[in-house]
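Visitor: Residues per chain are reported as follows:
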Amino acid sequence: MKLSLESEKYLQDLRSYLFTKGVKNEVLDEFIEEAKGHLIEGEQDGKDVHQIFGCNPKEYANDLIVAMGSSLRRQLAIISQIVLIIISYQVSRMGLTDTLSFTLVEIIGYPIVYILFLLFVGFGVRISSFKSKNHQNIILLISIALGMLSMITIFLLNSRIGDPFIELSSMGSIVVTGVFVSVFLLLIQRLLGWFGFISAIALLLFHFFMNNYFL
Amino acid sequence: MSQTQMLKGILEGCILKVISEKEVYGYELATKLHESGFSTVSEGSIYPLLIRMNKEKLIEGTLKKSTAGPNRKYYRLTEKGQKELSQFIINWNILKCGVDKLLKEEEQ
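Quick note, the sequences are listed as chains A and B, same order. FYI, my numbering numbers position 76 of the first sequence as 76, with every residue one higher than the one before it. FYI, my numbering numbers position 58 of the second sequence as 58, with every residue one higher than the one before it.
If you are wondering where the hints come from, they were derived from the structure by calculation, not from laboratory data. A few of these clues could be false.
Think about it this way: if two alpha-carbon atoms lie no more than 20 Å apart in a straight line, the pair counts; the simulated EDC-like pairs of lysine to aspartate or glutamate are [as the list claims (entries may be wrong)]:
1. B:K32 to A:E43
2. A:K47 to B:E56
3. B:K65 to A:D48
4. B:K32 to A:E26
5. B:K104 to A:E43
6. B:K57 to A:D48
7. B:K55 to A:E43
8. B:K57 to A:E30
Here are some chain B residues pointing at chain A (derived, C-beta under 8 Å) [stated by the list, open to error]:
9. E35
10. S39
11. T40
Which residues of chain A face chain B? A partial, calculated answer using Cβ under 8 Å [claimed, not checked]:
12. G37
13. G54
14. G122
A quick note: this is a predicted structure, and the numbers were derived from the prediction, not measured. Note that the Cβ used here is the ideal one computed from N, Cα and C, for glycine as well.
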């Protein structure tokens with residue numbers, strides 16, 4: 001049985017809103033499954049999503065958060081995990097193709113802008129929940145643009161102040177690359193499973209062979 | 001106090017009562033409550049309560065396959081839930097007697 005587009009959107013918005021508030025994925029999945037079943041039966045009986053879940057979706061979502069429990073720690077853990085994946089991927093890619101060296105902007109600025117980007121997008125998703133599709137697109141576009149702007153600013157700054165702050169020896173570079181490759185693969189495996197793990201290895205090998213044999 | 005607020009306050013006890021009679025899933029429970037007079041409370045408002053009661057181990061949920069759509073979560077009462085329901089019935093009777101008495105005096 002298929003749900004109406006309105007109900008589908010309601011569930012999608014509810015999921016996004018609860019996720020950005022730090023509700024556990026397993027709890028979320030279980031509830032969405034249950035709510036979907038309820039909506040399917042309700043629609044068969046001629047009810048719409050607002051008759052079933054009320055006219056104030058944010059108030060309802062906040063009631064659910066109180067019952068399900070959310071934590072700031074979980075939100076921070078998700079953000080730090082994503083930032084660590086991006087950074088470990090960048091360092092692995094650099095280390096597989098060249099001797100590692102880092103500017104001060106790369107060491108301090110890059111992690112900050114990645115966090116900022118995720119915060120902008122996270123807030124964008126939360127604010128745009130339960131709004132019309134057009135409003136949602138505008139809010140998301142603005143939040144992504146703000147995130148991109150902060151990233152471009154820091155990349156430009158890095159290209160201006162390009163002097164290396166830390167330069168590693170060949171051996172140091174191999175060791176650091178090994179550590180970051182391990183972190184990258186471990187986090188990807190945890191997040192996406194073995195398929196993600198194999199894809200990540202393929203991606204790193206692609207960079208390695210492209211840079212060492214073709215470029 | 002509005003009717004909705006009064007109904008919400010006793011909704012939890014009534015959910016326990018419905019579940020004590022037989023295992024039910026969300027939609028079935030909402031329909032039963034609606035038929036019993038909780039028509040001003042939206043059906044979805046049972047879920048925050050079910051999640052909290054599940055956490056407090058008053059009820060337990062089991063997923064069962066459904067031909068009508070996604071798997072259904074059937075709820076049953078735990079021993080702790082049974083005690084909670086008994087307590088609710090005692091409290092409700094005390095409250096009901098008090099209110100009935102007051103309203104009767106007022107009528108006379």
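Visitor: If a hint holds in the structure, say so; if it does not, say that too.
Guide: Now the hints, each set against the structure:
For the hint pairing K32 of chain B with E43 of chain A, the CA-to-CA distance comes to about 17 Å; that is within 20 Å, so the pair holds. Restraint check for K47 of chain A and E56 of chain B: the C-alpha separation of about 31 Å exceeds 20 Å, so the hint is violated. Between K65 of chain B and D48 of chain A the CA atoms are separated by roughly 24 Å; this puts the pair beyond 20 Å, and the hint is violated. Note on K32 of chain B and E26 of chain A: the hinted pairing is violated, with a Cα-Cα distance of about 28 Å set against a maximum of 20 Å.
Restraint check: the Cα-Cα separation between K104 of chain B and E43 of chain A comes to about 44 Å, which exceeds 20 Å; the hinted pair is violated. Proximity of K57 of chain B to D48 of chain A is assessed by CA-CA distance (about 32 Å); at most 20 Å being required, the pair is judged violated. Of the supplied pair hints, the one linking K55 of chain B and E43 of chain A is violated, its CA atoms being roughly 29 Å apart against a limit of 20 Å. At roughly 17 Å between alpha-carbon atoms, K57 of chain B and E30 of chain A fall within 20 Å of each other, so this suggested pair holds.
Interface restraint check: E35 of chain B against chain A, minimum CB-CB distance 13 Å, threshold 8 Å, status violated. At about 11 Å, the closest approach between the beta carbon of S39 of chain B and any beta carbon in chain A exceeds 8 Å, and the interface hint on this residue is violated. Given the 8 Å rule on beta carbons, the hint for T40 of chain B is violated: about 11 Å separates it from the nearest Cβ of chain A. Hint status for G37 of chain A: holds, given a least beta-carbon distance of 5 Å to chain B, under 8 Å.
Evaluation of the G54 of chain A hint against chain B yields a held restraint, the C-beta minimum of about 4 Å falling below 8 Å. At a threshold of 8 Å, the smallest CB-CB gap from G122 of chain A to chain B is about 23 Å, leaving the interface hint violated.
Of the numbered hints stated above, those contradicted by the structure are hints 2, 3, 4, 5, 6, 7, 9, 10, 11, 14, listed in ascending order.
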